[in-house]
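There are 2 protein chains.
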Amino acid sequence: MPELRKDPVINRWVIISTERAKRPHDFMLPKEEKKGGFCPFDYGNEHTTPPEIMAFRPADTEPNTPGWWIRVVPNKFPALDPSLEPERYGHGMYDAMKGFGAHEVVIETADHNTNMALMNLKQVEEIIWAYKHRYEALIKREGIKYVLIFKNHGSLAGASLEHPHSQIIATPIVPKRVHEELVGSREYYSFKERCVFCDMINQERLENARVVEINDDFISFEPFASRFPFETWIMPRRHVHSFKDITDSEIKGFAQILRNTLYKIYVGLDNPPYNFMLHTAPETGEGSEYYHWHLEIVPRLTKVAGFEWGSGFYINPTPPEEAAKFLREIKPGEQKLNKLKE
Amino acid sequence: MPELRKDPVINRWVIISTERAKRPHDFMLPKEEKKGGFCPFDYGNEHTTPPEIMAFRPADTEPNTPGWWIRVVPNKFPALDPSLEPERYGHGMYDAMKGFGAHEVVIETADHNTNMALMNLKQVEEIIWAYKHRYEALIKREGIKYVLIFKNHGSLAGASLEHPHSQIIATPIVPKRVHEELVGSREYYSFKERCVFCDMINQERLENARVVEINDDFISFEPFASRFPFETWIMPRRHVHSFKDITDSEIKGFAQILRNTLYKIYVGLDNPPYNFMLHTAPETGEGSEYYHWHLEIVPRLTKVAGFEWGSGFYINPTPPEEAAKFLREIKPGEQKLNKLKE
Chain C
1 MPELRKDPVI NRWVIISTER AKRPHDFMLP KEEKKGGFCP FDYGNEHTTP PEIMAFRPAD
61 TEPNTPGWWI RVVPNKFPAL DPSLEPERYG HGMYDAMKGF GAHEVVIETA DHNTNMALMN
121 LKQVEEIIWA YKHRYEALIK REGIKYVLIF KNHGSLAGAS LEHPHSQIIA TPIVPKRVHE
181 ELVGSREYYS FKERCVFCDM INQERLENAR VVEINDDFIS FEPFASRFPF ETWIMPRRHV
241 HSFKDITDSE IKGFAQILRN TLYKIYVGLD NPPYNFMLHT APETGEGSEY YHWHLEIVPR
301 LTKVAGFEWG SGFYINPTPP EEAAKFLREI KPGEQKLNKL KE
Chain L
1 MPELRKDPVI NRWVIISTER AKRPHDFMLP KEEKKGGFCP FDYGNEHTTP PEIMAFRPAD
61 TEPNTPGWWI RVVPNKFPAL DPSLEPERYG HGMYDAMKGF GAHEVVIETA DHNTNMALMN
121 LKQVEEIIWA YKHRYEALIK REGIKYVLIF KNHGSLAGAS LEHPHSQIIA TPIVPKRVHE
181 ELVGSREYYS FKERCVFCDM INQERLENAR VVEINDDFIS FEPFASRFPF ETWIMPRRHV
241 HSFKDITDSE IKGFAQILRN TLYKIYVGLD NPPYNFMLHT APETGEGSEY YHWHLEIVPR
301 LTKVAGFEWG SGFYINPTPP EEAAKFLREI KPGEQKLNKL KE
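Protein sequences appear in the order of chains C and L.
1 is the number of the first residue of the first sequence in the numbering used here; add one for each residue after it.
1 is the number of the first residue of the second sequence in the numbering used here; add one for each residue after it.
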């Protein structure tokens, strides 16, 4: 049974996973990447994943058979388990709870060899539709407090399969980082009576030095205090605290800016590993005035060292102004695409 | 000029480093490790580092010549610069300050091919003496608020040179993680009127399930809410908030438990990359009742993925009880040493 445990000093929750359990000797095996072998996300292998939760597929096809273009399935090795009760208990001075939650995989395409940077916009839009559907379904569940949508691209960013996919984890707690953003943006609001994220958008537009791309509804930019080279945030330009309030037309704009930003990173930095993660307010109403949903993209170009782990502050060797200038100058079609790395 | 920049939402400071600046194309070069080449930390190459700040060396040798057994030098590519003023300024809505601080390297031995896990205790004791000397000197400087002592071992943990060394960074701010620990331990103290770290030591001794090693003055254990497989903390058993208050006899006990714990990790996990970092209270008197200095060791066995970055909470596939049992059973001399990895 997976267990959630809380650090007694800084109140950080950790999932002690048993489904994904690793014994000490597992860490000593040579870490080889499997390439070109069996892929459970390819057409014809649908029976090797848990049964699909939803899929975009022609009306005349059966669930768990080929023909789909997006497919959502439970993670075969889930970090959290929907069948548990969200029960809390003490362990001496420590706090823990059963590892209740959900863990799903969004298989973004049937094409094993592409990635989101190279997809057509329609496909990216539908991936966002899938995110929204699953977000809405999971956040309604009794005991679920937060739904995290994220993507690991490339094995150095933690992806264990190369077939394009994202993940969704529903948790019985609000994650620490989101809690910190809520507290910080509330403090700013109580001082300024304005949303700190809206203020950032205004300043970024005014200066333009860190902007990567902008369209009618979204802006993508390198944050002023970027932790990592080419860290890029995408924000809706109107004030809106929850991702679930994205409109149909905003989904088009979001797909466009997300695909274009990933394309610039893909071409400019030669298909680096990256993570992205969607930050939204919890569905308690909290944050409606002062929180602002956004997506954070972190290319994995540098190694995070002891200083960063230990201190929670970061050394970034690339000024965000320089990173933004570099990415801005990459225009779709103007640069030759590198072949996907084998 | 390096610059410190503050995230306007969660108040996290980031060093935008110019000395270590990387241009976009730098990230696309093949990342090869240099092995067997020139090492600036070897005997005879003392002139290739900035002049030494202190060294343990025979009285009849000159500074910056061979003969030393521990040497402390300024980092050739410092993240922070002692010659700047710690001036703060605004940049529109954002907060920044000049990259004032210090960045030093402790060359732990003249022997290029060893590591701390394999050193004799006397050598480790003297490394700790060097840490203490530099801590005391740096924390006294005008404008310095915190001194971070840490080590990156192995290139996957961020070490750019394989010669055994640690680093010291003195900063004009208290790092976010330490601030969080101060706030959390103060809250616990106001509720319980006890130090949360002392309570952890008591519970760990009572249960014994997560203890790795114990001696008269120190305990080493896997924390209940370990973020990473084989994350190991070392704590003084008496309540003491600041590392600088370590006594001469405690230095012996600290050297012993640190060397033995690193040895167990080295043998048991086949010389994995790791980071360690010393957490101590700032020298403001703050925390004297409720903070407790300690060292956190994090072997780098798993890849930190998008979920962790984005959420601030972690999935750990190895229960700490299992990790502790595995490490406890490794006794110095009982297991054959693996050859140092080439």
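Since the hints were made in silico from the structure, they are not lab data.
Incorrect hints may appear among the rest.
A pair counts as met if it fits within one copy or between any two copies, since identical chains are not told apart.
Claimed, not checked - Derived pair list, reagent style BS3-like, types lysine-lysine, alpha-carbon separation capped at 27 Å:
1) 122 - 331
2) 6 - 252
3) 6 - 176
4) 145 - 176
5) 98 - 325
6) 192 - 176
7) 192 - 98
8) 132 - 145
9) 6 - 192
10) 6 - 325
11) 325 - 176
Everything numeric in this text was worked out from a predicted model, so none of it was measured.
Here is how each hint holds up against the structure:
| no. | hint | in the structure |
| --- | --- | --- |
| 1 | 122 - 331 | within (19 Å within a copy, 60 Å between copies) |
| 2 | 6 - 252 | neither (40 Å within a copy, 33 Å between copies) |
| 3 | 6 - 176 | both (11 Å within a copy, 19 Å between copies) |
| 4 | 145 - 176 | both (12 Å within a copy, 26 Å between copies) |
| 5 | 98 - 325 | between (47 Å within a copy, 23 Å between copies) |
| 6 | 192 - 176 | both (24 Å within a copy, 23 Å between copies) |
| 7 | 192 - 98 | between (40 Å within a copy, 26 Å between copies) |
| 8 | 132 - 145 | within (16 Å within a copy, 45 Å between copies) |
| 9 | 6 - 192 | between (34 Å within a copy, 17 Å between copies) |
| 10 | 6 - 325 | between (42 Å within a copy, 21 Å between copies) |
| 11 | 325 - 176 | neither (32 Å within a copy, 30 Å between copies) |
Violated hints, in rising order: 2, 11; the structure is consistent with all others.
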